[in-house]
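Two chains, two separate frames, one set of hints: put the complex together.
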Amino acid sequence: MRLRSTSPLAIPAVILVLIAAVIPLIVLSASVISGADVISIWSKSSVQRALIFSTWQALLSTALTICLGLPTTWFLSRYEFFGRQVFMALVTVTFVLPTVAVGAAFLALLPKGLHHSTMAIVVAHAFFNISIVVRTVGPRWNSVDDRLIDCAQTLGASPLHIWQSIILPLGKSAILSSAALTFFMCFTSYGIISILGGPGLATLDIEIYRRAVQLGDLSGAAILAVAQMLLIVTIFFIWSRGRTSELISFRSRTLNPQKLPLGPKCFLFGVAAFFVAPVLALIASSMRTGRSWSLTGWRVLLGIQNQKGIEIDTWQAMQTSAKYALIAAGIALPTGIAATYAFSHRQSANRQLSTLTILPLAISPVVIGLAILITYDFDPFDFRSSWLLIPIIHSAIALPFVIRAALPVVQGIPNDLRLAAATLGAGSWRRLLTVEIPLLRPAISTGFAFSLAMSLGEFGATSFLTRRESRTLPIIIAGLFGRAGEIPRATGMAASVVLILVTAMIVLSVDRKSYS
Amino acid sequence: MKTQFVRPALRASFLAMIFLIASSCSGTPSSTSNLTLIAYDSFLPPEGAFDAFTEETGITVQIALSGDTGEMVAKASLTSGNPEGDVMWGVDNTFISRAIKSEIFVGDPTEVDFGYVCVNYDIAALGETEAPTTLNDLTAPQYKGMLVVENPATSSPGLAFLLGTVAAFGDNWPDYWRQLVANDVLVVDSWSEAYYTAFTRYGGDRPLVVSYSTSPPAEMIFADPPFPKGAPAVTGVATETCFKQIEYAGVLRGSEFTKQAQQLVDYLAGPIFQSLLPESLFVYPANEDAALPQSFIDYAPTITTSYSLPSEDISQNRQAWIEQWSDIVLR
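Protein chains in written order, with the numbering used here: chain U, 1 to 516; chain W, 517 to 847.
Okay, chain W solo, but in the shape it has when bound (with noise of 0.2 Å):
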């Protein structure tokens, strides 16, 4: 005798398996009056950032959210050529030279913005003891315990800072790490994590943490219940200890709707695009006639002297260095 319950529920499974292979081809695809713009996760310009665009020329925008930086240049270098999207926003100069080998991009990036990753004081927590400025100041005595930086192997500030060190200390940079170790900094694998365990204004037990030169107009905006006009800052930047990251937005090689997909670069370098920037990426515009906001012009500090390194550097050294780097620091 044989059981045969077993048709029914094979019937069923199959059914399940066409519904989900029929369903499947639903999305919208780019088409002339609706271009798809690959960016990574934290980038969310206000609602209604694009209508002056979509007036203009016709053309709506979608969003396709592509994880990190990192994680957004190795999928598109693994599909160069036939991109999931048209325009590509926000390959940073530590990552924009493999962008560039890989070939992802039709003809050169443009600069859309930029930043700078520098070491954030907690003002309260800090007390009577001076604010750090340079480098070096964080390997003196009374700092030491207080820092903490994110591993760069896992974080694209940690890497920006450790990139910072190298140009600020060329081959000696080993040794100013070193130091650091010796005076007790603390590695932590993400910014989320450094600033919002470790740091003290969040409880943590370090009152310096790696972050942006545009954390403390965040503070401000953010703060609850909010500060009252002309407040002093709650957090400071130790100003020469900035490494300045770039951005970059480029038209994807492969992308059936070049043309469209340009004039959309050129409304993300634009000013109406660029002065929604500060307040919402917390980044400057790099184009110069888009406006500074009150709260950037009040509490984010004018960064004079910053490091940087040709981006051919970075690609060719980043697996040497952060190898390195662990050799040193996390042993």
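So that you can see chain U by itself, here it is in the shape it has in the complex (with noise of 0.2 Å):
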């Protein structure tokens, strides 16, 4: 029996990254680019130490991430307990905290001698991508079977055999998927390392703004940007290749309805204190001005107060940033589903294309902005000035979130149903409707999270390509912490503890249909 080829779903996705990120970066590399200083770039120290720092803080932070957040997520994706949902949006709403406020409560819970250290930005890391671990592995260990592991135990294996066995060899591919996810955005990391690692430690992504920006480099930086982009997807093919796609024993989800044993739950608060902690602390100074208490903060975010030289709508604001995060994710979401059939079968050639896929991980904000602005600058192709750049800037981030969430969840779904199905007589919609998408809710809503996630919280490409009457929260943030002044600070946190709320309440409303 063969299946019919999938080739064609991952058309929408290739041509999203044509046209966000490869066809950009082509042309703003032959325009820019002097030969010279291809070889020469290198032989910097700034961009050495950026290479190798890089490099080994990334490695670090995902070995962090990874410890963190594999027992989180079996907990998390095996049992019910109180307040699992509100841990799940937790967890997720760490991806949009603006670093400027998280990098203020970092520095204020962490002890003095770790300011401004590596460890301090391994742990930030970790507290930023536990949830990729999450929303990655988590479906997939949601869907086995209890039997396997009853199974175990009755024969005798111990807790740790059954670990090493069943449990680890099932969610292998995904664990590998959210670890290299999870590298990637620790080897681009800009906002983190720069607030918490002070100025000696500069990842490649800080040294190609560096250029283009203050230097005038952009020549160096646009090499940098195409070596940034080789190496990951190098990195990221041998990665994929090596991997082959295990069969997943299939049984509705069911949340085991025991209670949580001491040690997880003890071992769960401590994470959940980890995420709480620098959220409390940026709900607390924003209700801080520098001798008391008060509320002005918020009474001039909310239009109650009328503060002269401070000029913010945050109702537009909210409304923008929702539009902009719906539509990134209406165009992310099916591109990435339909991609992941194609790239779900082994047999497929164009597994090789799922590399292209993680493309817009790996090329700096910056550079996509500048390349963007010179590639579509000609009639009928000007988008420059058209506000729907931003979102589809935003989708195209979010393209290899949602399809690294949804690869194990369509791998797990057993093709028998589907023939099934087509041997009962249901047409190619009804099979859509009543067998693949119902399988893939977890899938969906878990691809929704992320975009909506990464569109919110998106500051580089946006500041970018903002007009004044339609800034996001993230613009509107970063320019309240841009001057001096109690009420503008007090302000600038409030409107981060929204950003984070309004997150929280969308990731909320949509993972309430996951799992169950």
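If you're looking for bench data, these hints aren't it; they were derived computationally from the structure. Predicted model only: the values in this text are computed from it and were never measured. Watch out, some of these pointers could steer you wrong.
Stated by the list, open to error - Facing chain W, according to a computed beta carbon distance under 8 Å, are these residues of chain U, among others:
no. : residue
1   : 46
2   : 156
3   : 309
4   : 481
5   : 485
Here a beta-carbon is modelled for each residue, glycine too, at the ideal position from N, C-alpha and C.
Shown next, in the form of structure tokens:
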């Protein structure tokens, strides 16, 4: 029995990546790179330092993220307990926290000796990226058949043995996926490093920004951007080649109603504290001006109090943010899930194409912004003044996450089900609606939550292309933190809290339908 | 047997793509009655700042924010001749020669405002210690471990402060920075971080911070609860540590509406718009006819001596200076 080729399903995703990343980068490179720099740039000490630092902090951060993330994911995906939904939302919300606010909170929480150290960076990266592990591995583990574990226990396997021989192997491809994503996120990390790391420590992305913007060395910046892209694509290609997709024991998703044992409870409590502390610190500082507790920041933000010199329209910003996020998710979700079908079949030759969709993560937002400017600047494709550019870029950034989150789920859907439905006479639309979509629900909600969160928190590309009357929340927050005084600071903190709440609410409402 | 679930999904994705392409041609292009003003992201004049201009000429103004000044100039250089807007606001003297070399403007840009980057101090945190005045004061033992500066490679006030020391000490500026390092200067990446996490007024442990000469009036305006009239300032300025930043506006080369754009530049430099600048952007108006608000008269110190460098020099040496600085300070 041969499967119909699913390759065409990857086309929209490939087009999106080509339009939003590859073509602009090629156009930019062709117009600014000067040949002599291609070699000479690597002898600059700042470039060498950035390369080495990017790599080893990313390895360390990935290791910590996986270590904390796997047990968290297991408990979240297997047990029902009080506050589970909130916990899930909390984990995702960290993804969009504005770095200025989180940086301040982390600095307040960490002991002085750890300020401006690699340790602080690694901890913060774990904080930001655990959600990748939870969201990618969770759906996979959620569909592991309880009976497998029961059998193993009956046969006398120790918990460690069960982990080694059942749980880890069944999650292997998802774990590797999430590790790869985490590694790339940390490798190209920008905000966290510049706030917590201090000036001595710079990643390649920071070096690219510095060259393009401060030094006006566009040639050098473009070379580094291309090199970073090639490096990440190569690593990813090798990574995904060595991987085989394992068959998964499939069963309908139910959560274990058993009470969580004490050990895991303490562990989860610790992780929750790790997530809640910076948010609480943020809320506290939004209600604190220099000398006292005060709600002025909130009143200015909500328009109850007019403050000369601070021109913000919070309601408009929330609408703009929500609009961009919904459009971005609306593009990334169908495109990404469709592509996942193409990539999930081992026999399909275009599995290599899946490497391509990781690209938007590998190019610095500044370079994408500059490249798009000179690529789409002629009629009728002069998109530069179009606001749609922003959600399109957001969707390209979200695409790799949607695909990575959906891949394990799509692989877990047994083909027999589709064939059975077809035999019973279900047409293609009916099968899509009654078989595929219900089974894809965890992937859809994960992908949706990821794309919304990516878009809501995105700063780099957005700040490049904003109109005054359509500022998003992160842009407003950065503006408020850019001026001196107690009121702008408190208002900025309050706006950060709003961003977190809006995101949490969206994620929570989407999540309710997963795993149930 | 074939699985045909593929087709509907495929159709749905293509529909999404078509919708996307069809609807992306929105956006308001410039016309004789609508101009686009490109500015850095902290350009936030009050609501209605362009009403007088619209009334007089019938032209509405749309503001496109373009990242920080460096990002804005990088974008403008790349799109020189085919710009995203008609007028650009806010290229400062550390970037102006790059802008001119890339021929982004038609004719010479107009000076629209200026300000000073200076060391600020937290009066309460200094306590009995006398406040510093000059650059040399900062290397004195009583200020050990007190100063936080921004990284010139990533921050524009950081770069301005470095340029000030280059102007003050000439070829000996590296020695000055070695002394600052010996005096335990803290370097952070951005102004927000220096001011809101390292500065004592916001919970940090550094009472001296590189900021602007107009930060003290901002502190008074944005105090919560508000200070009574005539209250003493909470922060002060070391008045002989200042580097002068000048900002320019000009008509972008390639704009189809040069005549109208020039009218807009004239309005930006005119008394109505200029008088709005102090309390919204916290800079001084270039136009001497524009009155200063009371907060500036009361709390912004008069800077009589400030440092500056020809923008040609800045453009030529910026990279070398920053790299040399990094080798001295970040090691």
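(request) Could you check the structure against the hints above and give me the numbers of any it violates, in ascending order? (result) 2
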